[in-house]
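Trainee: Residue strings, one per chain:
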Amino acid sequence: MNLKGKDIISIRDLTKKDIEYILKTAEKMEKSSDRPLKGKILSCMFFEPSTRTRLSFSTAMERMGGDVIGFASKETTSVAKGESLKDTIKTVENYCDVIVIRHPKEGASRLAADVSKIPVINAGDGSNQHPTQTLLDLYTIKKEKNRLDINIALIGDLKYGRTVHSLVYALAMWDAKITLVSPEGLEMPREVLGDLNRFNAKINETDDIETAISNSDVLYVTRIQEERFPDPGEYEKIKGAYRITLDTLKHAKKDLIILHPLPRVDEIAQEVDDSPYARYFEQVNNGVPVRMAVLGLVLGGVR
Amino acid sequence: MKDIRVKRIKNGTVIDHITGGQAFNVLKIMGLRKEYPRTTLTVAMNVPSKKLGFKDIVKVEGKEIKKEEVDKIALIAPDTTINIIREHEVIKKEKVNIPARLEGVLRCANPNCITRFEDATSKFIVEEKCPIKLRCSYCERVMSDKDIVRQF
Chain B
6 MNLKGKDIIS IRDLTKKDIE YILKTAEKME KSSDRPLKGK ILSCMFFEPS
56 TRTRLSFSTA MERMGGDVIG FASKETTSVA KGESLKDTIK TVENYCDVIV
106 IRHPKEGASR LAADVSKIPV INAGDGSNQH PTQTLLDLYT IKKEKNRLDI
156 NIALIGDLKY GRTVHSLVYA LAMWDAKITL VSPEGLEMPR EVLGDLNRFN
206 AKINETDDIE TAISNSDVLY VTRIQEERFP DPGEYEKIKG AYRITLDTLK
256 HAKKDLIILH PLPRVDEIAQ EVDDSPYARY FEQVNNGVPV RMAVLGLVLG
306 GVR
Chain C
517 MKDIRVKRIK NGTVIDHITG GQAFNVLKIM GLRKEYPRTT LTVAMNVPSK
567 KLGFKDIVKV EGKEIKKEEV DKIALIAPDT TINIIREHEV IKKEKVNIPA
617 RLEGVLRCAN PNCITRFEDA TSKFIVEEKC PIKLRCSYCE RVMSDKDIVR
667 QF
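Top to bottom, those sequences are chains B and C.
Residue numbers for the first sequence follow the numbering used here, beginning at 6 and rising by one.
Residue numbers for the second sequence follow the numbering used here, beginning at 517 and rising by one.
Simulated from the structure, these hints should not be mistaken for laboratory data.
Computed from a predicted structure; not experimentally measured.
Even glycine gets a Cβ: it sits at the ideal position worked out from N, Cα and C.
Among the clues, some could well be false.
What the hints assert, rightly or not - Incomplete in silico selection of chain C near chain B, CB under 8 Å: (1) G528; (2) Y552; (3) N626; (4) T631; (5) V658; (6) D661.
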């Protein structure tokens, strides 16, 4: 398989084989101390805030011997003077070998890839896609469970969270059993579910958190965003009902693992951090080998 | 009762087998309500049809339909046939066809799509033809017939 020169924009562009190949390469990256990207330059173009994604891409590039340039907010660039995204890309591509981009508008990364001569990796385009997050979620599940045809419950805001949309799409390729639990009004969009019909995944929606948890191998929790609720009282009520505590986990399988794309507010109580279930910080750690794999493959430094 | 005979058109377009009820959207697509308000038109709606159950027919005097208009009509009335008339003769007859991809024909319905902000040609992949389902190649949002009709 050859991903050299390829853009990584959406999980929908990747086949099951591509994903397996990336995950296998990530595994190799964990043990490798080679510097196959020496002399290569990554440009991180972040038009929107990020902690984990930007830093882990930078770490990944530097661990492989490459260098990183870029910006962390549009205020420090000519975009603030009104320069278009297209012109910005046509400029930046002259300084580097690969671009990682995060942008608040959906489709911005695809447009950047259309314009650019060098590979573009999407690090989040509005509420649309964030493929390396999905890859690292899959990598974490595979590493912990040794398979992807798992029973998974996704809990929280399933409407706006871009990570859950691409994660269910990817897991559906492995025929996972997916249970969705969300407050009224924040359910998984119908069009995302309709899209899964092409696979044999079993999808079930419920509001019974405890049963959903007790049947699951993996619990994936997302933040419920306060700004989505016009009534603060309603938000408080929902927040309480969807909070994961040791008590909500009392009927969980012994080997359940809990993941969260972070940042977390308080949807997982801190007491859970020390329980045998918590894996969200390991998940963060896995961002580095997965991004090393992606950078190495698109730049042709690893095969 | 006297039969009302519709005069054959001399030059123009006969649009037949339009999905019942879509005639007004066809007029909108062809700009016949705003850009060309004085065009002589014959509109028949909900005419019984063996194939479609009910169909609409639009006859336009003095205007030949454009390719981009045919592409748009295909999206809302996939069985439509187009007849181009010159000097009372049908010189061209074709069935509309929904292409696999659409470029520049429509605007993405997602207000946060990058194509609304940058100078970029819209691109859609036709995922389903009936009912129509288009996916924006940029923001990946799906547009249904309702989103499409709103643009005409």
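Trainee: Now, for every hint given, state plainly whether the structure supports it.
Mentor: Status of the hints after comparison with the structure:
no., hint, verdict
1, G528, "violated, 40 Å"
2, Y552, "violated, 34 Å"
3, N626, "holds, 6 Å"
4, T631, "holds, 6 Å"
5, V658, "holds, 5 Å"
6, D661, "violated, 14 Å"
Violated hints, in rising order: 1, 2, 6; the structure is consistent with all others.
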